[in-house]
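Undergrad: From first to last, the protein sequence lines are chains A and B. Everything in the first sequence is counted per UniProt numbering, starting at 1 for the first residue and increasing by one. Everything in the second sequence is counted per UniProt numbering, starting at 1 for the first residue and increasing by one.
Warning: the hint list may mix true and false statements.
On the chain A side, residues computed to face chain B include the following (Cβ under 8 Å) [stated by the list, open to error]:
1. F188
2. L190
3. V235
4. Q239
5. V258
6. L259
To be clear about the criterion: a stretch of chain B counts as covered by chain A if any three or more of its residues have a C-beta under 8 Å from a C-beta of chain A, and this derived list gives those stretches [stated by the list, open to error]:
7. 29 to 37
8. 44 to 53
9. 69 to 83
10. 92 to 101
11. 110 to 124
12. 149 to 159
Bear in mind the hints are in silico, worked out from the structure with no lab data behind them. A quick note: this is a predicted structure, and the numbers were derived from the prediction, not measured. We put the beta carbon where it would ideally sit given N, CA and C, even for glycine.
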Amino acid sequence: MSVARRSMARSIAAHAVLIAYVLIALFPVFVIVINSVKSRRAIFADPLALPTAETFDLVGYHTVLRQGDFLLYFQNSMIVTVASLALVLLFGAMAAFALSEYRFWGNSLMGLYLALGIMIPIRLGTVVILQMMVAGGLVNTLTALVLVYTAQGLPLAVFILSEFMRGVSDDLKNAGRIDGLSEYAIFFRLVLPLVRPAMATVAVFTMIPIWNDLWFPLILAPSEATKTITLGSQVFIGQFVTNWNAVLAALSLAILPVLVMYLIFSRQLIRGITAGAVK
Amino acid sequence: MAGRRARRWHIGVFLAPAVLVYTAIMIVPLLGTLNLSLFARGEEGRVFVGLANFATLFGDPRWSGAFWNALGNNAWFFLIHMLVQNPVGVALAALLSAPRLRMAAFYRTAIFVPTILSFVIVGFVWKLILSPLWGIAPGMLDGIGLRSLFAPWLGREEYALTTLALISVWQFVGIPMMLIYAALLSIPDEVIEAAEIDGITGWSQFRKIKLPLILPAIGIISILTFVGNFNAFDLIYVSQGALAGPDFSTDILGTFLYRTFFGFQLQLGDPHMGAAIATAMFAIILAGVCVYLFGIQRRLRRYQF
């Protein structure tokens, strides 16, 4: 067998495996979305059938959009997620740079201290956090959520970014120092662009638990004006538990924004990777 | 040497924002919680009881039985992730990182989709799919003549925990895949080309060249999996409720903590016993992380390019 034919066969096998896995990954989402646009009877009769002209029905979406203030919920979730993400990335990268670049007294102790937060769920501190937010007058504000999520995201960001920053060539940074760059310029202009793929990765991992969190919105910001989309759809499911059209439509709507955000970051990830490869 | 080195203020500037936010919002409340575990509800407010809550947790058979059950279930939950999620994640990343693979971006995006879904959605949709009544799974198995294989997996004690662990694997396999993928892409082309010139390709190239280079990333993933699994709560909660049925067979430390802390049905919540369980969880996780940091991470070799 020629080399070309063998690599052809290998590539077909790789595609087959990947396509099979993609089907497994997307199947449940597919089930939600197709059934959200079907009539109630069609959902029960044949859950796997695609909607036809006869069974197509947007009644679920009508119910959702009439009921809840979904646009406001979207906006709240978006503000909280973007603000927390920006703070986590900036503060996390700065701390990771200090830990991976400089030798100073207490370095590994500080690394361990910051890494502690990866293993303890911040939820364990909820009662005390709530007391603090009450004392600070931050209950039912998005600021409270941003603060909590920033603290929650930082440990993992520092851990992953310092792992990656250790791989950035010392020669490059020293060349920058010889050229008279300040430590800040070395961080912002040399190191940050090189770890962009890692930053995009951290962004994706930080964003998801924030967007999907139910716990802190429920406890710290349950008011109508500050509800996030996840809390909104959970409340909705609770109210409409037997109205499957409405529940499936609400779930479809809740998937959409996070999917779009993920797609944006995933493009950034590709760009970051190609930019980072050229030194 | 010309005198002492200048004070390096920039180190403080780089560290300060992260350390301040993290300490104020995370560490202080957590220490407050650990502190709670040393108290109990007394006649007038709370009273200091020392380690009495821990004596109850490990000594009282009602409490210790539930604790060991939850810990055992949690260990099984973790084992399934290590045996299924991480190898599948590495394999998918290896396939994806093949040069000139078409539609790689599409595959990567699609495989990551379950990870971005909230537990509310994941719990709801898998209950629908696996439901014996409306469920899609029985119908599909029927279609290929394997109807007899179907069982109400989420409702049976012997299967429920494994089923939930596999649902969790389905949801989170994107994370190891992404991290390994990024690690594989950061391997310089020269290294791969040198291997190819030496005639090392395919599987042996992966095993001999790439695998040693991505071992630090695999280490990170293992410890993240460990920590994530021993903190897990949401999936069990949304699909089986706080009672982690059937008959506590899917009870893990997170749900046990939640029930104790906030109470359920007729039992009142007990923040002090809850804090004691949280402290025990903290100790377990700390032990695991120490094993990784001091036993494994130090032996990993890092390569700079």
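Undergrad: If a hint holds in the structure, say so; if it does not, say that too.
TA: Here is how each hint holds up against the structure:
About 11 Å separates the beta-carbon of A:F188 from the nearest beta-carbon of chain B, more than 8 Å, and the hint is not met. Checking A:L190 against chain B: minimum C-beta separation of about 14 Å lies over 8 Å; hint violated. Because the smallest distance between the Cβ of A:V235 and any Cβ of chain B comes to about 10 Å, over 8 Å, the interface hint for this residue is violated. Interface restraint check for A:Q239: the shortest CB-CB distance to chain B comes to about 14 Å, outside 8 Å, so the restraint is violated.
With 8 Å as the threshold, the beta carbon of A:V258 comes within range of chain B, its nearest partner Cβ sitting at about 5 Å, so the hint holds. Taking 8 Å as the C-beta contact cut-off toward chain B, the hint placing A:L259 at the interface holds, the least distance being around 7 Å. Taking a C-beta to C-beta cut-off of 8 Å, the region 29 to 37 of chain B contributes 5 residues in contact with chain A, enough for the three needed, and the coverage statement holds. Restraint check on the region 44 to 53 of chain B versus chain A: 0 residues with Cβ-Cβ distances below 8 Å, three needed, restraint violated.
With 0 residues having a Cβ less than 8 Å from any Cβ of chain A, the region 69 to 83 of chain B misses the three-residue criterion, and the hint is violated. Given a C-beta distance limit of less than 8 Å, the hint that chain A covers the region 92 to 101 of chain B holds, as 5 residues qualify and 3 suffice. By the rule of at least three residues with a Cβ nearer than 8 Å to a Cβ of chain A, the coverage given for the region 110 to 124 of chain B holds, with 14 such residues. With a threshold of 8 Å between beta carbons, the proposed coverage of the region 149 to 159 of chain B by chain A is violated, since 0 of its residues qualify and at least three are required.
In terms of the numbered hints stated before, the structure departs from hints 1, 2, 3, 4, 8, 9, 12, listed from lowest to highest.
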